[in-house]
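Given the coordinates of chain A, work out where chain B should sit on it, guided by the hints.
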Amino acid sequence: MEEKVLEILEEYCEEALDYTGDNMMEEGVIDSFTVINIVSELEDAFDIEIDAKYVVAENFRNKEAVIELVARLLEE
Amino acid sequence: MQFISSSFVILWVITFALYYLAPGKRQWMILAVMSGLFYVAGTGGIPIGILLTGAGAYGCGIYLAHSLEAQKKALSDIADKERKKTVKQGFERRRRRVQILYFVWSLGILLCTKYMVVILPFLQKLGLTTPGSDAFFARVVMPLGISFYTLTAIGYVVDVGREQCRAQENPVRLFLFLAYFPAITQGPFNRYAKLQEEFEREHVFDYERMLFGVQRFVWGAFKKLVIADRINLFVGNVFGGAEDGLPGSIYALAVVLYMLQLYADFSGYMDMVLGISETFDISLAENFKRPYFSKSVAEFWRRWHITLGMWFKDYVMFSFVMSGTGRKIGKASKKRWPKMGKHVTGVIGTMLVWLLTGMWHGRTVSYILWGVYYGVIMCVSLVLEPQYGVWKKKLHIKEGKIYGFFTMARTWAIVFVADVLIRSGSLSQAGEIYRALLTDFRMKEGILSVTSYGLSKYGFLLLAAVCLLWLAVSIWEERGKDVRRMLAGCPMPLRWCCYYGVALLLLITGIYGGSYDTAAFLYQSF
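Taken in sequence, the protein lines are chains A and B. Numbering follows this note's numbering, in which position 36 of the first sequence is assigned residue number 36; successive positions increment by one, without gaps. Numbering follows this note's numbering, in which position 238 of the second sequence is assigned residue number 238; successive positions increment by one, without gaps.
Same shape as in the complex, but just chain A:
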């Protein structure tokens, strides 16, 4: 699962892989347009539904947070 998430992140936002901080969205590493594309790809890849309530800065603060989010939704 992790590999697939990283692959999607790499496709849409390479900088996200090297980012080591904890606020990718506010620091402009990842814009809302890219977030939408990543969410759509994640939904298709893992057959999950990511509700708008999960699309918050906290769940996209870095690549680890995105992996955590997918793992949590897969468990639900």
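If you are wondering where the hints come from, they were derived from the structure by calculation, not from laboratory data. Because the structure is a prediction, the values reported are computed rather than measured. Treat the hints with care, since some could be wrong.
With the C-beta cut set under 10 Å, the calculated list includes, among others, these residues of chain A facing chain B [what the hints assert, rightly or not]:
#: 1; residue: S32
#: 2; residue: I36
#: 3; residue: N37
#: 4; residue: V39
#: 5; residue: E43
#: 6; residue: F46
#: 7; residue: K53
#: 8; residue: N62
Don't be surprised by glycine CBs; every beta carbon is placed ideally from N, CA and C.
The following block gives chain B in isolation, referenced to the frame of chain A:
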């Protein structure tokens, strides 16, 4: 009641004294009472709008909280996955209906008041108004800060529904969140969870914090009175004067100055709001991060009116894209256009956000065009972003200081074009200005007549000097330095020279009185 007035300063000082004398758990009550007082006494208006919007938000929040609780209980008793999904969807559907009802309610109030200037003459024509109804509408129906508290209340209702915060059971606490007096007129847009935390904390008096808060307030007043209002002497005459056919060079200077005026005015106001709140030990979200250092329009809007952008992104764009309709459009587009289809929902979401941003700022066609202009630029730049790297390589462009400056200048040019639209009195004036800029620049005539539009040679020199000071402060901040802390670390004589210098400049060179309403802020009209 304006910030730059003796009555406001008195209110601030009294609030400050009572706030720190009150026990920690009761401090929020002082703010609530003073916010009510500010609202009623300051505007002379009857707060019916905020009470209706607030009551709706309160009721809706309570319903959502109960529904979420009932859903949890119901789901815990069901083992079958499919049945669980159906029950959950039923609860979600009911919650969505109540939320939509609330949005119609609060936005209905907002739209009725915003478009009352259009509706009222129509009612008068039909003979449906009585003498004195204009005054009634002005006092009751046109409430202070309605755009701000409406969006803030909607944000609260969405957050409760998304379980990002708990519903507030005390209506007075919710009123404080919506009507917190430093922020009610122009924001920033506060998120309930964050601000509630601030109100619930116990706040202890701290001399340094109070000093920093007052410093920020004074700096904000300086930007407003010394820079923005001085620029207005020139810009107001160029755009509002009876004279037509001015040289394009004069218009160019006026638009550049207007870009600075709008920034000084609105960021100055925000400095005051954040400064006042800092004296109460209440931390609010920053609304500006030196936008003119941006290297793209997207970055510019991440640094300008940040909280409004976040609001639209979180509550409009993501809500649309992740909705049933948004998903359907996304899937169909991907199927229809395998390469570019993935961008369709993002493009629709972005255009929707910008159209609404334009409508939020003003009622005229110019504002709608302004929104569409930014929406198109954002969409094109975001869709083409992956290509930029390829083009840069092909054109052998290296990312150095010169390229960085070029990207900043490109951003200024895009903002310049947009600001002509919103500063012009009408679309025809905007058209005339674009024409003059492109075909009738008359540089020499512009230079010779520049002092004939309300700002003398010395006025320009003073403006240049204070703008340089502002630029120096901005560069320090951009490099991550905290200017107030730097000043606090300076030797006392130098430190107080700086304080007195700014205060004296403010008192001597600030624009006070006259026919221009110095106390009013530009963004107040949005």
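| query | Does A/K53 pass the interface hint, meaning its C-beta sits closer than 10 Å to a C-beta of chain B? | reply | 4 Å, holds
| field | Satisfaction of the A/V39 interface hint, Cβ to chain B closer than 10 Å | value | Since the shortest Cβ distance to chain B is 7 Å, the answer is holds.
| query | Would the hint on A/N62 stand, with a C-beta cut-off of 10 Å toward chain B? | reply | 18 Å, violated
| request: Under 10 Å, Cβ to Cβ, is where A/E43 needs to be relative to chain B, so tell me if that hint holds or is violated. | output: 8 Å, holds
| task | Please verify that hint: A/I36, Cβ, nearest Cβ of chain B, below 10 Å or not. | result | A/I36 check passes; min Cβ-Cβ to chain B is 5 Å, inside 10 Å.
| request: Would you settle whether the hint for A/N37 is holds or violated, based on the nearest Cβ-Cβ distance to chain B being less than 10 Å? | output: Hint holds; A/N37 Cβ to chain B Cβ min 6 Å, cut 10 Å.
| message | A closest beta-carbon separation below 10 Å is what the hint needs, so does A/F46 meet it against chain B? | response | 15 Å, violated
| Does the CB of A/S32 sit less than 10 Å away from some CB of chain B? | 5 Å, holds
Comparing the model with each numbered hint stated earlier shows that hints 6 and 8 do not hold.
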